[in-house]
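J.: In order, the protein sequences belong to chains A and B.
For reference, each letter of the first sequence is one residue, going 1 to 341 in the UniProt record's numbering.
For reference, each letter of the second sequence is one residue, going 1 to 222 in the UniProt record's numbering.
These are calculated hints, taken from the structure and not from any lab test.
Since the model is a prediction, treat every value here as computed from it, not as a measurement.
Note that CB positions come from ideal geometry on N, CA and C, so glycine has one too.
Be aware that one or more of the hints could be misleading.
A short, non-exhaustive set of chain B residues, derived as facing chain A with CB atoms under 10 Å [unchecked claim]: (1) Ala128; (2) Gly132; (3) Lys141; (4) Lys148.
With a cut-off of at most 25 Å between alpha-carbon atoms, the simulated DSS-like pairs for lysine-lysine come out as follows [unchecked claim]: (5) A:Lys114 to B:Lys221; (6) A:Lys8 to B:Lys48; (7) B:Lys48 to A:Lys73; (8) A:Lys14 to B:Lys48; (9) A:Lys114 to B:Lys148; (10) B:Lys141 to A:Lys73; (11) A:Lys120 to B:Lys141; (12) B:Lys122 to A:Lys83.
Anything over 10 Å on all C-beta distances counts as not near chain B; from chain A, calculated [as the list claims (entries may be wrong)]: (13) Ile18; (14) Asn19; (15) Arg67; (16) Asp177; (17) Leu182; (18) Glu224; (19) Asp227; (20) Ile254; (21) Asp263; (22) Ser270; (23) Gly316.
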Amino acid sequence: MITISNVKKLFDTKSGTINAVDNVTLDIQEGEIFGIIGYSGAGKSTLIRMLNGLESPSSGTINVNGRMISSSKGRELRQARQKISMIFQHFNLLWSRTVRENISFPLEIAGVNKKDREAKVEELIKVVGLEGRGDAYPSQLSGGQKQRVGIARALSNDPQVLLCDEATSALDPQTTDSILELLVDINKGLGLTIVLITHEMHVIRKICHRVAVMENGKVVELGEVLDVFKNPQEPITKRFVQQVTEPEETRETIEHLVEEYQDGKVVKLSFVGESAEQPLITNLIRSFDVQVNILQGKISQTQNGAYGTLFVHLHGLPAEVDKAVAFLEEATVGVEVITHD
Amino acid sequence: MIEQFFPNVNWETMWDATYETIYMTIIAVAITAILGIMLGLLLFLTSKGNMWENRVVYVITSALVNIFRSIPFIILIVLLIPFTRFLLDTIRGANAALPALVIGAAPFYARMVEIALREIDKGVIEAARSMGASVNTIIFKVLLAESKPALVSGITVTAIALVGYTAMAGVIGAGGLGNLAFLDGFQRSRDDVVLAATIIILIIVFIIQFIGDFFTNRLDKR
Chain A
1 MITISNVKKL FDTKSGTINA VDNVTLDIQE GEIFGIIGYS GAGKSTLIRM LNGLESPSSG
61 TINVNGRMIS SSKGRELRQA RQKISMIFQH FNLLWSRTVR ENISFPLEIA GVNKKDREAK
121 VEELIKVVGL EGRGDAYPSQ LSGGQKQRVG IARALSNDPQ VLLCDEATSA LDPQTTDSIL
181 ELLVDINKGL GLTIVLITHE MHVIRKICHR VAVMENGKVV ELGEVLDVFK NPQEPITKRF
241 VQQVTEPEET RETIEHLVEE YQDGKVVKLS FVGESAEQPL ITNLIRSFDV QVNILQGKIS
301 QTQNGAYGTL FVHLHGLPAE VDKAVAFLEE ATVGVEVITH D
Chain B
1 MIEQFFPNVN WETMWDATYE TIYMTIIAVA ITAILGIMLG LLLFLTSKGN MWENRVVYVI
61 TSALVNIFRS IPFIILIVLL IPFTRFLLDT IRGANAALPA LVIGAAPFYA RMVEIALREI
121 DKGVIEAARS MGASVNTIIF KVLLAESKPA LVSGITVTAI ALVGYTAMAG VIGAGGLGNL
181 AFLDGFQRSR DDVVLAATII ILIIVFIIQF IGDFFTNRLD KR
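Taking the hints into account, I'd like the entire structure generated from these sequences.
T.: Structural data, given as structure tokens:
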């Protein structure tokens with residue numbers, strides 16, 4: 001659906017040339033929700049803006065649904081853009097237009113007649129759940145409602161691809177979740193390919209199928225969301241995964257517990273997919289003469305399955321504890337024995 | 001009663017002069033608005049980081065705007081006498097004042113248009129581009145639509161300045177209230193004529209301000 005090959009983007013500034021995007025190659029499948037995560041300045045924003053030609057690459061090619069975006073210009077590019085919609089962090093609605101008129105805007109650009117525009121707008125207002133707000137101006141809406149207008153506007157020309165530029169970063173957590181759910185519904189209902197950029201792992205966890213991690217203009221890690229959660233390779237990826245699985249206070253608490261329970265072992269178990277649903281602890285207690293003290297646990301749902309972590313303290317004879325750990329390692333779970341530093 | 005306060009005022013000439021002032025103002029405002037918006041758009045679009053970015057065009061336009069904005073109006077009128085004569089074959093009457101009025105006011109308004117356009121959120125322009133909008137669509141449906149309140153309040157200020165300019169234009173025999181107040185009032189020491197003309201000019205200014213404010217508020221949905 002989207003093929004990004006060897007794309008580079010250089011910016012000339014007073015303090016020298018900046019390599020915003022450095023030799024990125026990605027393949028995004030039709031119907032998938034693809035996330036790009038990175039801190040600000042990682043180049044993700046530049047990358048997504050090249051997908052609809054708002055920026056053009058310094059070298060390399062970008063092909064979206066059979067169209068060579070990187071070499072398109074003028075009318076050809078404008079027509080391609082009608083099928084590659086974008087939503088924005090700050091919504092970017094026209095304040096001089098009502099909700100209806102905002103949603104209708106891309107249809108006006110595409111030259112759709114008035115009657116068809118009106119029918120389409122009514123349909124979209126229902127899709128995004130803004131019934132009764134059609135004649136409101138953006139200034140009368142909440143942030144979440146504004147983004148719903150942004151989404152409806154983006155859907156008006158029946159696009160094949162939806163680009164989300166930090167679409168939930170200006171929203172509170174609850175509103176973020178409702179917007180993310182809407183995006184998943186749209187992805188499933190319309191089979192729309194969604195590419196989103198974010199700095200929040202929560203967003204990736206919640207809706208993405210695959211994720212690319214960007215740092216200094218490069219894609220440093222790429223894979224299924226669940227695999228990345230289970231087995232992050234790069235330090236930056238580990239930090240992002242920790243955003244979701246272990247809040248900072250957990251780390252501190254666990255370290256404190258390790259200090260406190262000098263005998264036995266504190267073990268971190270990671271569960272992925274089906275293994276999250278096995279009665280593992282029951283089996284552990286029945287098979288071995290150890291006491292299990294559950295310290296902390298958390299389970300998160302991703303688009304490809306559940307992912308969970310559990311911190312337990314195993315207490316008993318050292319030999320028995322070792323056997324218990326061996327048992328855990330044999331089961332399909334990640335095991336990490338936490339020791340005193 | 002009115003006769004008592006204004007013994008020397010010939011009301012018929014006063015109304016004729018009022019009509020001339022209003023005529024000059026309305027025509028000049030209309031042409032200034034069109035010309036100013038065109039110039040302002042050119043300044044905005046050719047400035048750095050915008051759709052028609054072009055340093056040469058921007059610098060030349062900007063310099064011309066600055067020059068004509070800086071020349072005191074009374075001098076501009078005199079400078080433009082040959083131009084006016086070439087254009088209209090006369091330098092007398094209300095129409096003869098129009099070239100000077102427009103050339104004096106359009107650059108002034110163009111700057112206000114440019115500022116108004118700069119105030120538009122860049123993200124909105126980008127959003128329109130991402131939808132596949134052409135430059136024409138962006139000009140009419142985004143730039144002008146989103147800056148409407150500022151464009152209207154700008155033309156209000158310009159219109160009021162133009163009322164003042166029409167008074168000065170009396171010097172080249174353009175007629176109007178300024179001309180009347182100067183020739184009939186000041187030079188013949190008839191203070192009541194000056195006063196009456198001033199009051200009428202004030203009323204015109206207040207009406208313009210009122211209309212301008214009304215539309216600015218009506219258009220502003222922010």
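J.: Against this structure, judge whether each hint is valid.
T.: Here's how the hints hold up against the structure:
1. Ala128: holds (8 Å)
2. Gly132: holds (4 Å)
3. Lys141: Constraint on Lys141 of chain B satisfied, holds at 7 Å.
4. Lys148: With a minimum Cβ separation of about 6 Å from chain A (threshold 10 Å), the hint on Lys148 of chain B holds.
5. A:Lys114 to B:Lys221: holds (24 Å)
6. A:Lys8 to B:Lys48: holds (24 Å)
7. B:Lys48 to A:Lys73: holds (21 Å)
8. A:Lys14 to B:Lys48: holds (15 Å)
9. A:Lys114 to B:Lys148: holds (24 Å)
10. B:Lys141 to A:Lys73: holds (22 Å)
11. A:Lys120 to B:Lys141: holds (20 Å)
12. B:Lys122 to A:Lys83: Since the Cα atoms of Lys122 of chain B and Lys83 of chain A sit roughly 22 Å apart, the hinted pair holds (cutoff 25 Å).
13. Ile18: Non-interface label on Ile18 of chain A holds, nearest chain B Cβ at 17 Å vs cutoff 10 Å.
14. Asn19: holds (21 Å)
15. Arg67: About 12 Å separates Arg67 of chain A from the closest Cβ of chain B, which puts it past 10 Å; holds.
16. Asp177: holds (24 Å)
17. Leu182: holds (19 Å)
18. Glu224: Per Cβ check, Glu224 of chain A is outside 10 Å of chain B; nearest 29 Å; holds.
19. Asp227: holds (32 Å)
20. Ile254: Given a closest Cβ separation of 43 Å, the condition holds.
21. Asp263: Label holds. Min Cβ-Cβ 59 Å, cutoff 10 Å.
22. Ser270: The claim holds: Ser270 of chain A sits with its nearest Cβ about 40 Å from chain B, beyond 10 Å.
23. Gly316: holds (61 Å)
Hint compliance for this structure: no hint is broken.
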